[in-house]
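Chains as they are written, first to last, in our numbering: chain A, 17 to 127; chain B, 7 to 117.
I should point out that these hints are in silico values taken from the structure, not numbers from a laboratory.
Here a beta-carbon is modelled for each residue, glycine too, at the ideal position from N, C-alpha and C.
Treat the hints loosely; a few may be bogus.
Capping the alpha-carbon separation at 20 Å, the derived lysine to any residue pairs in SDA-like fashion look like this [to be verified]:
| # | chain 1 | residue 1 | chain 2 | residue 2 |
| --- | --- | --- | --- | --- |
| 1 | B | K76 | B | E11 |
| 2 | A | K73 | B | Y103 |
| 3 | B | K76 | B | R47 |
| 4 | A | K87 | B | Y103 |
| 5 | A | K112 | B | R56 |
| 6 | B | K104 | A | N89 |
| 7 | A | K112 | A | E46 |
| 8 | A | K112 | B | G101 |
| 9 | B | K62 | B | N44 |
Label pairs and their in silico Cβ distance ranges [to be verified]:
| # | chain 1 | residue 1 | chain 2 | residue 2 | range |
| --- | --- | --- | --- | --- | --- |
| 10 | A | Q33 | B | R47 | 22 to 30 Å |
| 11 | B | K32 | A | G69 | 41 to 49 Å |
| 12 | B | S64 | A | A98 | 36 to 44 Å |
| 13 | B | T83 | A | G93 | 14 to 22 Å |
| 14 | A | T31 | B | S45 | 23 to 31 Å |
| 15 | A | S96 | B | R86 | 32 to 40 Å |
| 16 | B | E23 | A | T23 | 37 to 45 Å |
| 17 | A | S100 | B | R47 | 21 to 29 Å |
| 18 | B | H63 | A | T102 | 34 to 42 Å |
| 19 | B | N44 | A | Q88 | 25 to 33 Å |
| 20 | A | G113 | B | S74 | 21 to 29 Å |
| 21 | B | S64 | A | K30 | 28 to 36 Å |
| 22 | B | R47 | A | G113 | 16 to 24 Å |
Far from chain A by the CB rule (all over 12 Å, computed), these chain B residues [as the list claims (entries may be wrong)]:
| # | residue |
| --- | --- |
| 23 | E12 |
| 24 | L17 |
| 25 | S18 |
| 26 | E21 |
| 27 | G22 |
| 28 | N24 |
| 29 | E61 |
| 30 | T70 |
| 31 | S74 |
| 32 | S79 |
| 33 | A88 |
| 34 | I106 |
| 35 | V115 |
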Amino acid sequence: NAGVTQTPKFRVLKTGQSMTLLCAQDMNHEYMYWYRQDPGMGLRLIHYSVGEGTTAKGEVPDGYNVSRLKKQNFLLGLESAAPSQTSVYFCASRGKGGEQYFGPGTRLTVT
Amino acid sequence: SQQGEEDPQALSIQEGENATMNCSYKTSINNLQWYRQNSGRGLVHLILIRSNEREKHSGRLRVTLDTSKKSSSLLITASRAADTASYFCATATSGTYKYIFGTGTRLKVLA
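Excised from the complex, chain B in its bound form (with noise of 0.2 Å):
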């Protein structure tokens, strides 16, 4: 499979908890992205990082790239119950315009 793989497959935590997701990849990519969906909905964009940067944040999200592990990770710090949903990862494979998605992360923030 071609698919990247996220770590873990679900996540519980308590309201204002931290929360940290992983991604894990296969081919030489230009950027790294990390999408949100809620249930039964479509995702939507958070935040990418490009393959010579290292750290990004935006807001409550911080996303790191390790190029030579050909891994990435997102932290989302002081969580809320409306982060509840599932985390996917995706890649945009160098020298082509396709992209390849993780597994996902279901995160549930319990009030």
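So here's chain A without its partners, still in its complex pose (with noise of 0.2 Å):
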């Protein structure tokens, strides 16, 4: 049962170019979640999917596209990457309780 997986764990990328970022859960959880957190800022949510082939916004969408086509994928893509988008990348899922288990973090650096 290895919870939360992200990949990739590191990333440099150049202004412009484009990424997609992988989280994949085998807690057979409906609802994920992705993140970034940025230094004195917490944690906020990106986008959401509450079942498979749902997504929705979140606090900060701008700039970032995700599909959950399978209920144990949820993908995270920047389709013309930024400076501002440096950031460490969070992917969640949410248990029954409402409690979230959460992914060891993608850290991106864009130049």
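Mind assembling these two chains? They're in different frames, but the hints should get you there.
Given below as structure tokens:
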């Protein structure tokens, strides 16, 4: 039981490049979330999904897209990376009691 | 900003002392949760308190919730060096599946 996994762990992009972050969970959870964490800002919700085939916007969705084609996977895409998207990205899934289980994070630097 | 606020931002105590941190939030909630984050790692769920509960215990953790003041406190008793981490509160907004995280309290426990 791996819980929530994220790939890659680190990535450096040049401005304008695109990439996809993958989140996978093996707990059969319906709800999944993508957050970004910046120094002194706590976690901010980017997008979330309440089930396979559904997505919804969070607090800071601009510049990101997501897809939930399979229940266990939640993908976060950056179509044209900007330096303001330099951050640590966390994926989480939600258990039946409302608690969230977090992945280890992806550290992204955009130059 | 929709984010909650934690107080204090940083706290340094001696091993064996108690640590108290506070969280204030802005919206009506279903529940409030506390998470721990060790440096460079993902968040780990500690405890969840529902909006109709006033106090909850889990091991050395005690959480209180005052919905009239929109505030919560986390007490860690008999702290240990291993408790050194950042602590975040997260609120589940009523009527949504979204979570709003506070800005965190950095706790340092000195051996």
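Results for each hint:
1. K76(B) with E11(B): holds (11 Å)
2. K73(A) with Y103(B): With a Cα-Cα distance of about 11 Å, the restraint between K73(A) and Y103(B) holds, given a limit of 20 Å.
3. K76(B) with R47(B): Violated: K76(B) and R47(B) sit about 29 Å apart, past 20 Å.
4. K87(A) with Y103(B): Holds. K87(A) to Y103(B) sits at ~17 Å (cutoff 20 Å).
5. K112(A) with R56(B): Holds, at roughly 14 Å.
6. K104(B) with N89(A): Answer holds: K104(B) to N89(A) is near 19 Å, not above 20 Å.
7. K112(A) with E46(A): Holds, at about 9 Å.
8. K112(A) with G101(B): Between K112(A) and G101(B) the Cα gap is close to 16 Å, so the pair holds against 20 Å.
9. K62(B) with N44(B): violated (23 Å)
10. Q33(A) with R47(B): 22 to 30 Å: holds (27 Å)
11. K32(B) with G69(A): 41 to 49 Å: violated (32 Å)
12. S64(B) with A98(A): 36 to 44 Å: holds (41 Å)
13. T83(B) with G93(A): 14 to 22 Å: Violated - the Cβ-Cβ distance for T83(B) and G93(A), about 45 Å, lies outside 14 to 22 Å.
14. T31(A) with S45(B): 23 to 31 Å: holds (28 Å)
15. S96(A) with R86(B): 32 to 40 Å: Since the Cβ atoms of S96(A) and R86(B) sit about 46 Å apart, the hinted range of 32 to 40 Å is violated.
16. E23(B) with T23(A): 37 to 45 Å: holds (40 Å)
17. S100(A) with R47(B): 21 to 29 Å: holds (24 Å)
18. H63(B) with T102(A): 34 to 42 Å: holds (40 Å)
19. N44(B) with Q88(A): 25 to 33 Å: holds (26 Å)
20. G113(A) with S74(B): 21 to 29 Å: With a Cβ separation near 25 Å, G113(A) and S74(B) satisfy 21 to 29 Å, so the hint holds.
21. S64(B) with K30(A): 28 to 36 Å: violated (46 Å)
22. R47(B) with G113(A): 16 to 24 Å: holds (22 Å)
23. E12: Its Cβ does come within 12 Å of chain A, the nearest being 8 Å, so this is violated.
24. L17: holds (16 Å)
25. S18: holds (18 Å)
26. E21: Non-interface label stands for E21(B): nearest chain A Cβ at 27 Å, farther than 12 Å.
27. G22: holds (29 Å)
28. N24: Per Cβ check, N24(B) is outside 12 Å of chain A; nearest 24 Å; holds.
29. E61: holds (18 Å)
30. T70: holds (18 Å)
31. S74: Correct as stated: the minimum Cβ-Cβ distance to chain A is 22 Å, above 12 Å.
32. S79: Non-interface label stands for S79(B): nearest chain A Cβ at 17 Å, farther than 12 Å.
33. A88: holds (19 Å)
34. I106: violated (8 Å)
35. V115: Non-interface label on V115(B) holds, nearest chain A Cβ at 21 Å vs cutoff 12 Å.
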